[in-house]
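Trainee: Listed here are the chains, written in short residue letters.
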Amino acid sequence: MSEITRAEVAHLARLARLALQDDELDRLASQLDVILGAVAKIGEVSDAEGVTPMTHAVPLENVMRPDVLVASMPRDDVLAGAPAAEDGRFRVPRILDEDQ
Amino acid sequence: MTDLTRMTAAELAATIASKQSSAVEVAQAHLDRIAKVDGQLHAFLHVDAEGALATARKVDSGELTGPLAGVPLALKDVIVQQGVPTTVGSRILEGWRPPYDATVVTRLKDAGVVILGKTNMDEFAMGSSTEHSAYGPTHNPWDLARIPGGSGGGSSAAVASYEAPLAIGTDTGGSIRQPAAVTGTVGVKPTYGGVSRFGLVAFSSSLDQAGPCARTVMDAALLHEVIAGHDPRDSTSIPAPVPPVVEAARQADVSGMTIGVVKELAGEGYQPGVEQRFAEAVETLTGLGAKVVEVSCPHFAYALPAYYLIAPSEASSNLARFDSVRYGLRVGDDGDRSLEEVMSLTRAQGFGAEVKRRIILGTYALSSGYYDAYYGQAQKVRSLITRDFTDAFAVADVLVSPAAPTVAFPLGEKLSDPLAMYRQDLATIPSNLYGGPAMSLPCGLSDGLPVGLQIMAPTMRDELLYRVGAAFEAAMPAPVPPLDWEG
Chain Z
-17 MSEITRAEVA HLARLARLAL QDDELDRLAS QLDVILGAVA KIGEVSDAEG
33 VTPMTHAVPL ENVMRPDVLV ASMPRDDVLA GAPAAEDGRF RVPRILDEDQ
Chain B
4 MTDLTRMTAA ELAATIASKQ SSAVEVAQAH LDRIAKVDGQ LHAFLHVDAE
54 GALATARKVD SGELTGPLAG VPLALKDVIV QQGVPTTVGS RILEGWRPPY
104 DATVVTRLKD AGVVILGKTN MDEFAMGSST EHSAYGPTHN PWDLARIPGG
154 SGGGSSAAVA SYEAPLAIGT DTGGSIRQPA AVTGTVGVKP TYGGVSRFGL
204 VAFSSSLDQA GPCARTVMDA ALLHEVIAGH DPRDSTSIPA PVPPVVEAAR
254 QADVSGMTIG VVKELAGEGY QPGVEQRFAE AVETLTGLGA KVVEVSCPHF
304 AYALPAYYLI APSEASSNLA RFDSVRYGLR VGDDGDRSLE EVMSLTRAQG
354 FGAEVKRRII LGTYALSSGY YDAYYGQAQK VRSLITRDFT DAFAVADVLV
404 SPAAPTVAFP LGEKLSDPLA MYRQDLATIP SNLYGGPAMS LPCGLSDGLP
454 VGLQIMAPTM RDELLYRVGA AFEAAMPAPV PPLDWEG
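In order, the protein sequence lines correspond to chains Z and B. Residues -17 to 82 in this note's numbering are what the first sequence spells out, letter by letter. Residues 4 to 490 in this note's numbering are what the second sequence spells out, letter by letter.
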């Protein structure tokens, strides 16, 4: 039985901003089915009920540092690595439709 | 004349400090070695000869000093170095030159360590063979037709083939230890939070940890001490003194220690040759005066599924930063397409198959309706695995197992079977989930290929790895690769 459908993979790809090709969707659907079948074993652990989930190995909370002014990275150094920059800013493709 | 590339880091440091050889000579010898053999190995993605020689000159002039001053090192390409290309093995960052240094790099530079270049890796550190590198695989110096492990196969191959005495790796599920195991080198994943993650391109933030790769336990300890310690720029960095790892490597004594053999890290999936070498290693430790006991960690059987839910979930979130805006690739920006379309095209073209697989898997595990059954359950199991460790460390000082379930396998063998590749991490993953330190070091050969012994210790007790590792190494020196492919 298939746990994950091609349509589901297409939906997940959309959420993850991946413009996948048709053959990639087919391949991923079958591979993810196998992988999910294996990781679903996690559900067998019967003594997990009531256990506190562990998000992190280091139990540090509210880590503070002194509020001291330091120089930031030079703007031009940062923009030099960008695919497109203009007037000292990152240049991005249009975000809104023309009529918005 | 002595071949400088065959010396250990400790020997090189002493040779340079006593002016028997200059740091420039040492750097040049290693650069020459890379030029000679890397065409066959492909351990490096970028060699920075100019930068290496510049640092070496500063050591020779006395401007930079320290226990590893002038010693060459190979840096895994997941760690940013200012002005030096950093790709993380991915097309999406091809050509990017970081505008800053990782804390690990700052510490190496301050210590006068000579960074030779950036090493090959599975894309975004996702893999166990370096075959998922967008720039082609690295070859194992023991047999060029086999994998050098992964994700840090470039670092392990560079160290095993005498291109560098030291390397930096990162270990999220075994990416330092499994490559060390299959190349017959020493690799250490320090305690999570022991080495700063600032400037380490994130894969799975609650698991990622940088650490040393070397040919001897002492060399790994010397490097460990240089890179470890609290960093205010990493909020998960532990504000405590670095464990005395160099002192422990000198101590090299297991008498009076109790060593626990983990019952669950054996059997199905482990090659008989690997299990045999491991059993002999345990006998050696007994002979050295350690008390050996069997311990059971019942939830380790679920470490692999827990890891392959937690790590892809964190990755799917972390890799959202590759948005075609701030760095790297941008595809299809024709003035007509929207930001979302350009972003989606860029990510589809810039990421390789394994990275896409894990992003989709993580997106699935985090989506509503599945979150509790997958990600939430995996985090509970992570707690239980940690409890298993705590219980085991109540009866044993350290735990041992094989580091990798198999010897190096042929290139291409597991590429079409993601699950088979994932099983390479069977023995290494539990320590990542728990956060404690672990080491792989050579314990002989099976079918002419190296086998790794894994030692695991409690959180912030990294020195115990070195104490046991150095004692074992003295009793059983590491095998030397024949390198019969060299011209």
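Because the hints were derived from the structure by calculation, they are not lab data. Hints should not be assumed to be uniformly reliable.
Said to hold, decoys possible - Derived EDC-like pairs (lysine to aspartate or glutamate); straight-line CA-CA distance at most 20 Å:
id: 1; chain 1: B; residue 1: 22; chain 2: B; residue 2: 97
id: 2; chain 1: B; residue 1: 112; chain 2: B; residue 2: 97
id: 3; chain 1: Z; residue 1: 23; chain 2: B; residue 2: 420
id: 4; chain 1: B; residue 1: 294; chain 2: B; residue 2: 283
id: 5; chain 1: B; residue 1: 266; chain 2: B; residue 2: 286
id: 6; chain 1: Z; residue 1: 23; chain 2: B; residue 2: 375
id: 7; chain 1: Z; residue 1: 23; chain 2: B; residue 2: 283
id: 8; chain 1: B; residue 1: 61; chain 2: B; residue 2: 97
id: 9; chain 1: B; residue 1: 266; chain 2: B; residue 2: 237
id: 10; chain 1: B; residue 1: 61; chain 2: B; residue 2: 28
id: 11; chain 1: Z; residue 1: 23; chain 2: B; residue 2: 271
id: 12; chain 1: B; residue 1: 22; chain 2: B; residue 2: 66
Note that this is a predicted model, so its numbers are computed, not measured.
Trainee: Please go over all the hints and tell whether each is borne out by the structure.
Mentor: Cross-check of the supplied hints:
For the hint pairing residue 22 of chain B with residue 97 of chain B, the CA-to-CA distance comes to about 40 Å; that exceeds 20 Å, so the pair is violated. Annotation: proposed proximity of residue 112 of chain B to residue 97 of chain B is violated, straight-line Cα distance about 24 Å (limit 20 Å). Taking the CA atoms of residue 23 of chain Z and residue 420 of chain B, the gap is about 18 Å. The hint holds against a cut of 20 Å. Distance restraint check for residue 294 of chain B and residue 283 of chain B: the Cα-Cα separation of roughly 15 Å lies within the 20 Å cut-off, and the hinted pair is therefore satisfied.
Distance hint between residue 266 of chain B and residue 286 of chain B is fulfilled; the C-alpha atoms sit about 16 Å from each other, no more than 20 Å. Using a Cα cut-off of 20 Å, the hinted pair residue 23 of chain Z and residue 375 of chain B holds, with the two alpha carbons roughly 14 Å apart. Distance check on the hinted pair: residue 23 of chain Z and residue 283 of chain B sit about 33 Å apart at the alpha-carbon level, beyond 20 Å; violated. A threshold of 20 Å between alpha carbons decides the hint, and for residue 61 of chain B with residue 97 of chain B the separation of about 30 Å lies outside it, so the pair is violated.
Annotation: proposed proximity of residue 266 of chain B to residue 237 of chain B is violated, straight-line Cα distance about 36 Å (limit 20 Å). The hinted pair formed by residue 61 of chain B and residue 28 of chain B meets the criterion: a straight-line CA distance of about 13 Å does not exceed 20 Å. The hinted pair formed by residue 23 of chain Z and residue 271 of chain B meets the criterion: a straight-line CA distance of about 16 Å does not exceed 20 Å. Restraint check for residue 22 of chain B and residue 66 of chain B: satisfied, since their Cα atoms lie roughly 15 Å apart, inside the 20 Å limit.
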